[in-house]
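As a plain string of letters, each chain reads:
Number of protein chains: 2
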Amino acid sequence: MIKEKVLKTIRKFSLVPPGSKVIVALSGGPDSVALLSVLLELKNELQIEVEAVHVNHMLRGEESFRDEEFVKELCRRLKVPLTVKRVNVLDVSKGRNVEAVARELRYKALYQVLKERKGDLVALGHTASDLVETVLLNLTKGTGLKGLRGFLPKRDVFIRPLFEVKRREVEEYLKERGIPYVVDSSNLKTDFERNLVRLKVIPHLREINPSLEEAFLRSSEILRGVEDFVSSEVEKLLKRFFKGNTFRVPISELKELHPYLLTELLSEAYRRISGRVLSHRKVNEIVSLIKKEGFKSFIPDKGFTVYKEQDYLVISPEDKRGDFYYQVETIPSEVKTPLGILRFSLNRGEPVVSEEGFKKAGIIVRSRKPGDRLKFKNFSKSLKKFLIEKRVPATKRWELPIVEVEGEIVYIPKLYKKDLSLSGNFVGVEFESDGGSSDCASGDRKES
Amino acid sequence: MIKEKVLKTIRKFSLVPPGSKVIVALSGGPDSVALLSVLLELKNELQIEVEAVHVNHMLRGEESFRDEEFVKELCRRLKVPLTVKRVNVLDVSKGRNVEAVARELRYKALYQVLKERKGDLVALGHTASDLVETVLLNLTKGTGLKGLRGFLPKRDVFIRPLFEVKRREVEEYLKERGIPYVVDSSNLKTDFERNLVRLKVIPHLREINPSLEEAFLRSSEILRGVEDFVSSEVEKLLKRFFKGNTFRVPISELKELHPYLLTELLSEAYRRISGRVLSHRKVNEIVSLIKKEGFKSFIPDKGFTVYKEQDYLVISPEDKRGDFYYQVETIPSEVKTPLGILRFSLNRGEPVVSEEGFKKAGIIVRSRKPGDRLKFKNFSKSLKKFLIEKRVPATKRWELPIVEVEGEIVYIPKLYKKDLSLSGNFVGVEFESDGGSSDCASGDRKES
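These protein sequence lines map, in sequence, to chains A and B.
Each number in the working numbering comes from the position in the first sequence (counting from 1) with 76 added on.
Each number in the working numbering comes from the position in the second sequence (counting from 1) with 76 added on.
Since the hints were derived computationally from the structure, they do not count as laboratory data.
Check the hints yourself; a few may be wrong.
Where chains are identical, the list cannot tell them apart; a pair therefore holds if satisfied intra-copy or between any two copies.
[Unchecked claim] When the alpha-carbon atoms are kept at most 27 Å apart in a straight line, the in silico DSS-like pairs for lysine-lysine are as follows:
| # | residue 1 | residue 2 |
| --- | --- | --- |
| 1 | K276 | K217 |
| 2 | K312 | K331 |
| 3 | K412 | K466 |
| 4 | K451 | K217 |
| 5 | K367 | K312 |
| 6 | K191 | K457 |
| 7 | K222 | K88 |
| 8 | K435 | K445 |
| 9 | K88 | K367 |
| 10 | K81 | K230 |
| 11 | K368 | K84 |
| 12 | K155 | K97 |
| 13 | K331 | K97 |
| 14 | K331 | K88 |
| 15 | K490 | K222 |
| 16 | K451 | K461 |
| 17 | K88 | K368 |
| 18 | K457 | K494 |
| 19 | K315 | K331 |
| 20 | K217 | K230 |
| 21 | K461 | K315 |
Given only the sequences and the hints, what does the whole structure look like? Please build it.
What follows is the structure in structure tokens.
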């Protein structure tokens, strides 16, 4: 029964292509032991190789080594190649959340063994009964679409062939064949919560619906469908607006997107650029900023910037080459740039705009961009050419602060000043170099 | 506290425009009593009129009348106009599911009172704690996106001002002010299940997260966002492909849609045409039919047809005017049409196509469509003109069976036969009129 079910799951989700080497993550508990056994039974039919890996988290003292020994003996008996990895969670975690660290180290170990053993897939023992628990736990703690659908039958190199099998079926299978397994003493907080759900909550829900697993599997399937649809729509937009590691999209288009699609798009764009997940709160902050006329820039997280450039929203890493973009709105103001501080004040320093002009259009301080040109009395010149002539080293060219008024470059510290004839009050700028030297053109400045 | 929370909810979801008359559905239980009381407190601030309606389901004998009396007394004291409706669920249900009938009759009664009292909105007493229970129940029984988000703060004329209030807050509010309420003895199956969730399941989940309501409200909000996005995408497509009461869409476009969007689109199109909800199974059946080359037509439910016409998928009611469309694939065949039966057989009746031609292209029997033309020896003529000349009454023109081969009309019973020069075996047709008379052109045939 369980064998046929696993085969059906494997086919339905295309979990295991013929010729694969599958490495079973074997804790020694009933699920992973049953998984190993079933996969061995299906080995010929599926044309796969089966190995095992045991990750010893060393969190349960003696018991951890008892489990390790059990797994070794089992694999010896079944003639399955086994790799054991010991990870010392407590040593590494140092006050961090033990569950999170254990999880991180476990996946790292699994990837490593996959590589060492030249495996294709790691098979995990999660069952449909685990799905029920996971979804209930997620729902209880607060979650979105992904949490409500629970784990996936396949993700990256990880497959879950027991995805549609119930715990009861696993237990019957093991009992019928007399296959031994170990029982894990639970002493992690996540285990406590999961046991509460498993032992106190689910039995009552089963009174209402004995086919609880089927119900949750069906919901999960529907939500996977929704999620996949949303992802495909997000993907279409990402394709259009990603260039290199920068996401650049006309604000008018963003405004026309459905609010849900917009938040998904921004989250995903940010994730791709930074490799980090942006909190809902911060995504909503960006969404509300987009709508504001005066929005200039926002640093959601160290190292990354969201800013408005003309009528575009840009999300980009603040890397060494570092695009940057600030709008000066009040006088006096200080703007920190990669090479130093620009101080703007009334009637002091190099004049860049009249007081009136400033009130009308403000001042922008930004990094250079392709196509920048400088105006001289009778001619104009590309900024690139100008910087080459001035022998500004290429690595430094992207760090130069460009001061712009109404779309025209008016000032670059120590390098350029637009010819202005200003009468009356003016806004002026002073530059204080990071290195103490005020020479932007000098190529020997050290990276700080 | 609860007053401010309700006000916030009302503003957040724009539940009550100023000047509205709101009719509170008052069972006499704590939630609806608190709702009535809070709305009375907010009456001036919101500039609304408040009334009440009590629906007595007469399902709990004496207790039903005790509740009715309680509600009458309460409204007398609060000087709130009250309408009482008694509905005899047991009389009406006759073996049908009592809960479903009670629900149906309750909503019917509420609509009726809304009309009688010239009210704008019906306020329901559901709280955030009810949302937790509802979502858990739905999840337990198996559900999709809508079931996981639970009830809405606003839907049609129904509003739920306590949407973000917890049961505990309701109880505290009533206790503080010494407001009396009745306690419902539960004897319906739905009450049993709900009580199980409320008393046995939720307390354990609250051990994991004391802010359970907040977590569920947040999930619900996310899912409402997803749902709204999907609806807006479906709406765009419906707008393009609906004409009158018929949905007609190029199959090539359907094939390019994401599977989830496709099923949502078909479900919603069908719901608009028929007023009925199509089961998931039937929607999936249509989806798989679309992919099949040989698909012709499918009756998902009496009175409605899904069929392929050229490269279009059509969903339409099979009404009196009745578009119809069949493909004859085997010989002999009988096709039932609104005016009678067409019998196709080898070398019998009026020849319509050679045996070879039939094997290649088949025969289509369909109702006329705009742009149809007939070919004569040296000219062609619009079918419409032809039917007018033949004095076929307008009401009957849509019922005529048109026999088509390779895009050309070859036969209309008693009215038209294309000039064919066939040698060898042929497929012929015989027509048997429903009325016994074989005269399609006769205008005096009675509707059957």
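Each hint tested on the structure:
1. Taking the closest pair of Cα atoms, K276 and K217 come within 27 Å of each other both inside a single copy (17 Å) and across two copies (18 Å).
2. For the identical chains of this complex, K312 and K331 are neighbours both inside a copy (17 Å) and across copies (17 Å), given an alpha-carbon limit of 27 Å.
3. In the homo-oligomer, the alpha carbons of K412 and K466 lie at most 27 Å apart inside one protomer (24 Å), although the nearest pairing across protomers, at 88 Å, exceeds that limit.
4. With identical chains, the CA atoms of K451 and K217 are never at most 27 Å apart, being 59 Å at best within one copy and 72 Å at best between copies.
5. Within a single copy, K367 and K312 get their C-alpha atoms as close as 23 Å, and across copies as close as 24 Å, so both meet the 27 Å cut-off.
6. With identical chains, the CA atoms of K191 and K457 are never at most 27 Å apart, being 55 Å at best within one copy and 75 Å at best between copies.
7. When the C-alpha separation of K222 and K88 is checked against a cutoff of 27 Å, the pair qualifies both within a copy, at 21 Å, and between copies, at 26 Å.
8. Taking the closest pair of Cα atoms, K435 and K445 come within 27 Å of each other only inside a single copy of the chain (25 Å); across copies the shortest separation is 67 Å, beyond that limit.
9. Taking the closest pair of Cα atoms, K88 and K367 come within 27 Å of each other only across two copies (19 Å); inside a single copy the shortest separation is 45 Å, beyond that limit.
10. Taking the shortest alpha-carbon separations for K81 and K230, only the intra-copy value of 16 Å comes in at or below 27 Å, while the best inter-copy value is 43 Å.
11. With identical chains, the CA atoms of K368 and K84 are at most 27 Å apart between copies only, with a shortest distance of 24 Å across copies and 53 Å within one.
12. Proximity of K155 and K97 under a CA criterion of 27 Å is satisfied intra-copy only: 15 Å inside one chain copy versus 77 Å between copies.
13. Taking the shortest Cα distances, K331 and K97 never come within 27 Å of each other, neither inside one copy (48 Å) nor across copies (35 Å).
14. Taking CA atoms no more than 27 Å apart as the test, K331 paired with K88 passes between copies only; the shortest distance there is 21 Å, against 40 Å inside one copy.
15. When the C-alpha separation of K490 and K222 is checked against a cutoff of 27 Å, the pair qualifies neither within a copy, at 53 Å, nor between copies, at 63 Å.
16. Taking the shortest alpha-carbon separations for K451 and K461, only the intra-copy value of 13 Å comes in at or below 27 Å, while the best inter-copy value is 75 Å.
17. In this homomeric assembly, K88 and K368 come within 27 Å of each other (Cα to Cα) only across copies, at 20 Å, whereas the closest approach inside a single copy is 48 Å.
18. In this assembly of identical chains, the alpha carbons of K457 and K494 lie at most 27 Å apart only when taken from the same copy (12 Å versus 78 Å across copies).
19. For the homomeric pair K315 and K331, the shortest alpha-carbon distances inside one copy (18 Å) and between copies (21 Å) are both at most 27 Å.
20. With identical chains, the CA atoms of K217 and K230 are at most 27 Å apart both within one copy (24 Å) and between copies (25 Å).
21. When the C-alpha separation of K461 and K315 is checked against a cutoff of 27 Å, the pair qualifies neither within a copy, at 32 Å, nor between copies, at 53 Å.
Checked against the numbered hints listed earlier, the structure breaks hints 4, 6, 13, 15 and 21; every other hint is satisfied.
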